[in-house]
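A.B. asks: With the hints as constraints, model all of the structure from the sequences given.
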Amino acid sequence: MNLKPETLRRIDDVITHYPVKRSAVLMLLHAIQEDVGYIPPEAIDWVAQKLELQPINVYEVVTFYPMFRQKPIGRRHIKVCRTLSCALMGGYKTCATFEEEFKTHRGEVSPDGEVTIEFVECLASCGTAPVVMIDDDLHEKVDCAKAKQLSDQIKQAAAQRR
Amino acid sequence: MPAPQQRRIIFKHIDEAGYTNDLACYVRHGGYEMLKKAVAMQPAAIIDEVKKAGLRGRGGAGFPCGVKWGLVDRKSGKPIYLVVNADESEPGTFKDRYIMHQDPHQLIEGIMISAWANNVKQAYIYIRGEMPHGARILEQAIAEARAANFVGPNILGTAYGCEIYVHRGAGAYICGEETGLIESLEGKRPYPRIKPPYFPAVLGLYQCPTIVNNVETLCHVKHIVEMGGDAYAKIGTPNNTGTRILCVSGHVQKPGYYEYEVGKITMGELLNEVCGGPLPGRKFKAVIPGGSSAKILRFGETFKLKNKDGTERVLTVEDIPMDFDTLAACGTMGGSGGVIVMDDSVNMVEALANINAFYAHESCGQCTPCREGSLWMKKITTRMVHDKARAEDGALLKSVADQIAGRTICAFGEACSWPTQSFVAKFGDEFKAYPETKNAAKPPGALDLV
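Sequence order for the protein chains is U and A.
Residue numbers 1 to 162, in my numbering, belong to the letters of the first sequence in order.
Residue numbers 1 to 450, in my numbering, belong to the letters of the second sequence in order.
None of these hints come from the bench; they were simulated from the model.
Where hints are given, some of them may not hold.
Cβ pair distances, simulated, as ranges [as the list claims (entries may be wrong)]:
| no. | chain 1 | residue 1 | chain 2 | residue 2 | range |
| --- | --- | --- | --- | --- | --- |
| 1 | A | G300 | U | T7 | 53 to 61 Å |
| 2 | U | R161 | A | T20 | 32 to 40 Å |
| 3 | U | Q49 | A | A395 | 48 to 56 Å |
| 4 | U | D45 | A | T20 | 39 to 47 Å |
| 5 | U | R22 | A | G256 | 39 to 47 Å |
| 6 | A | R390 | U | T7 | 52 to 60 Å |
| 7 | U | D143 | A | K283 | 18 to 26 Å |
| 8 | U | P111 | A | L279 | 37 to 45 Å |
No residue lacks a Cβ here, since even glycine has one placed at the ideal position from N, Cα and C.
C.D. replies: Here it is in structure tokens:
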């Protein structure tokens, strides 16, 4: 596992935040996922060794928390809120629009590799429903028109890169 | 009569033009003056002011903050930890997000005052994983406050010091439960702990005495120091003091956050006047008053409540003051302040199916009644919507829900069964008729909810 020097520096720093090393498990996994894109199998042993734990102690965390993934995803991660307030304002239609735009289904990598679309539970921005997170950024009041517009932006960025 | 005016204390600067989330702006607006005032006070005196203020927790349970602090084991010789519950994830709730993103120093000042009052040397902010910008903003704000000697060793020239670190969750609702949060902060699966013996005030983080407070609650502490406990207690209504932020979402003209004195505005005023009433051509049908686990209220139902003098009063849903005690007397709760409104385009079976999917996804799986029960409630309501519905499904749902509450380690058991119990109790007619109505033409504008 080749982590960037910046990631390794962050990891060594964050371990000092806790009197018990094990506490740093989630923060280390976040740092690795941000760097690598997912939690590869070797990361589990690596974190265990770093924090003086058994691999199972790390594995049980990776498999419990929904944000950690053990497989790569598309270049952009589109998370559509599924919960009640967003659904009442059209969240399911928003999600369907993204799926149509990228010819994919929830939970899969789109054929062009650009996106993975997922339903997630409440993102705590119910007053501006429906909401969507694209990577780290929250987008509010994402109706079908705005979903299409956001999709176009992602497609344009992809075209420019090619 | 016009609706009462908002009283912005916590949200004073939220969405204010020109207000930025850096230290300089905060200090320009009088920031950290209350921390200076606090460190000149005896810690016990601050706890007394918070008790006098009657501040109740804003995270969901409404437990008195001063009492919580009073329960902390101060004789153990172990360090006392303060953990900020910033895992805002109760559906319908979206207040702490704005505080952390737009006014992080208000939270940090509240943390440091509370830390001083409780002799805490180490505080953690547990922020939900889906707020990466919020985590960065808080880290930046803590660094600024540390550089200005408001956080860290020997603050403001005293011998006292306290460090704050930001810890990120990773998408699990159960981490909002305080003992689950503590397990998560210890680097484990967030399985809630059984109480007794694991009361955080005695055996919390690393088996040390621990205070877990919500973001909004800690912000209030700053204002209690500013105005004094007695003056703060005059805001709001007796036993329901201060202001609280009401988060309104769903089918109203103007959803959003509104800060009011607790109990000084009714549900009717909030929804009809402040939030502009229902969407055009619609009527209100139901409202969940305190986050999705709170029991639902049906417009048109009435509540007979006892007055102190023994007489009775009858309240409609619109008449209910938005406080802790009256909502509880009406069989529901003020919870986290998340008000979710549904109009007459909504089918209640489908709305419940949406909620049940949430709870089935979020059950930690530790206790059998909750793990199996939440899943079965989801399976039944999903089947009703997408496959065959039966007239007796409502009764079946109720029997599952009735076997969960009270049989689990944490309050998730109640949280996941209350929606089913209340939906079936109040909209039983709709559940019975669903096998026929589900295939009828949907009202215009009706949306998929599951």
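A.B. asks: Each hint: holds or not?
C.D. replies: Status of each hint after checking the structure:
Checked against the given bound of 53 to 61 Å, the beta carbons of G300/A and T7/U, roughly 58 Å apart, stay inside it. Judged by the Cβ atoms, the range 32 to 40 Å given for R161/U and T20/A holds: they are separated by roughly 34 Å. A hinted range of 48 to 56 Å holds for the C-beta pair Q49/U and A395/A, which are about 54 Å apart. At roughly 44 Å, the beta-carbon separation of D45/U and T20/A lies within the given 39 to 47 Å, and the hint holds.
Separated by about 41 Å at the C-beta atoms, R22/U and G256/A satisfy the suggested range of 39 to 47 Å. The beta-carbon spacing between R390/A and T7/U, approximately 54 Å, falls within the hinted interval of 52 to 60 Å. At about 23 Å, the beta-carbon gap between D143/U and K283/A stays in the expected band of 18 to 26 Å. For P111/U and L279/A, the hinted distance range of 37 to 45 Å is satisfied, since their beta carbons lie about 38 Å from each other.
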